[in-house]
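A.B. asks: Each chain is listed here by its residues.
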Amino acid sequence: MSTHLDPDDFEQLRKLLALKRYETPPPGYFESLPRKVMTRVEMTELGIYSTWWEWIVARFDAKPVLACAYGFAVSGLLLLGFRLSQQFEQEVAAGPIQGGPWLAAAPDPLTTPNGILPTSFGFPVGFLTSETVDEGTDLHPAHFNNLRTKQASFALSPR
Amino acid sequence: MIDTAVLTEPVKSTPVVVEERVLVRHAQEGDLRAFDELVRRFQERVYATVYHMTANHEDANDLVQEAFLKAYRALKSFKGDSSFFTWVYRIAVNKTINFLKQRKNRSGMSLNDVDFNAEHDPDLVALVSEKTPRRELGLIELQEKLNAGMQKLSDIHRLVVTLHDVQGLSHEEISKIMDCNTGTVRSRLFYARQQLQGYLADYLK
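In order, the protein sequence lines correspond to chains Y and R. Heads up: the first sequence begins at 37 in this note's numbering, then just goes up one per residue. Heads up: the second sequence begins at -5 in this note's numbering, then just goes up one per residue.
Just so you know, the hints here were simulated from the structure itself, not pulled from any lab data. Just so you know, nobody snuck in bad clues.
To give a feel for the contact side, a few chain R residues facing chain Y, derived at Cβ under 8 angstroms:
id : residue
1  : VAL33
2  : HIS46
3  : GLN59
4  : ARG67
5  : LEU140
6  : VAL155
Straight-line Cα separation of at most 30 angstroms, BS3-like style, residue types lysine-lysine; simulated pairs:
id : chain 1 : residue 1 : chain 2 : residue 2
7  : R       : LYS64     : R       : LYS89
8  : R       : LYS139    : R       : LYS95
9  : Y       : LYS51     : R       : LYS146
10 : Y       : LYS72     : R       : LYS89
11 : R       : LYS70     : R       : LYS89
12 : R       : LYS139    : R       : LYS89
13 : R       : LYS95     : R       : LYS146
14 : Y       : LYS72     : R       : LYS95
15 : Y       : LYS51     : R       : LYS89
16 : R       : LYS70     : Y       : LYS72
17 : R       : LYS139    : Y       : LYS51
18 : Y       : LYS72     : R       : LYS64
19 : R       : LYS73     : R       : LYS89
20 : Y       : LYS72     : R       : LYS73
The following label-pair restraints were derived from C-beta to C-beta distances:
id : chain 1 : residue 1 : chain 2 : residue 2 : range
21 : Y       : GLU47     : R       : LEU26     : 43 to 53 angstroms
22 : R       : ILE150    : Y       : LEU114    : 54 to 64 angstroms
23 : Y       : SER68     : R       : ASP196    : 38 to 48 angstroms
A virtual CB, placed ideally from N, CA and C, is assigned to each residue, including glycine.
Full structure from sequences and hints, please.
C.D. replies: In structure tokens, the structure reads:
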């Protein structure tokens, strides 16, 4: 094989090969190709981040400053929560909180026999009890047979 | 967000590099508009190379889409050592070569795709009208013969001829795309041309 690399030897061939530049795809192809590519890219985006965690990791991977800020914020919140819980434990250990808003008072067994708290409200006006009804009063049970319930109507009224 | 003025700025020598880098950086940060612009910018050249390698529009269409999709996925690994164009080209070429290795039956090129402007090209007019055996040939027959000769080349040699003689890339650019030195590019190009010249001997006298 000849090793002579004279470009002029192939001048005719090069001209012929250059004609292949005229081979073009169907009209409008290059207008639609980017759209097809971007559709597949967007589908890939959705497919890659199948979980919210992966989505967050990917976002943080692209923005390290945001990741650091988020890390500091979460660490701060954790430290604050830890500190508050320590304070609360110290207060509880120091003594029972009287009248605290979040602690229900247990019934005193000495003042509340059977553990039943006394009611602090009275009966409504006209309510009959064994104390308000005289002996010999003729009492009858109430009847509810004549009560009718009205069915609700959900028909939409035309505008 | 990309400045629209940057995207629509006329192509110049130095700003093109800057623009491309800006677009790549935005795309790396997840800006799909920037990547869309990169696709629009390089689609024709990437398509042409893949098309001349596969000799089939449908295959080229699939491979070009796959190449850009792979480029998007690997965008964060792009360090800017080479130009984005070279990097995408390399992805497309590797995909195409792998595809050709798997493909058994090669279909012929569709000559319906030849642009009508080819008929007015002075080189073509000279080739067809000279007093040689090819004077009897029309555009289609000459193109058929050339395409048949291209398909007889190995994938690597067809790639070199496509990139250099059809696409007009330099030896240096081809060496970066094919990940070899320029001497190898030159020798492959010489061998490929020699093969083609032998096949088209009757038409190139």
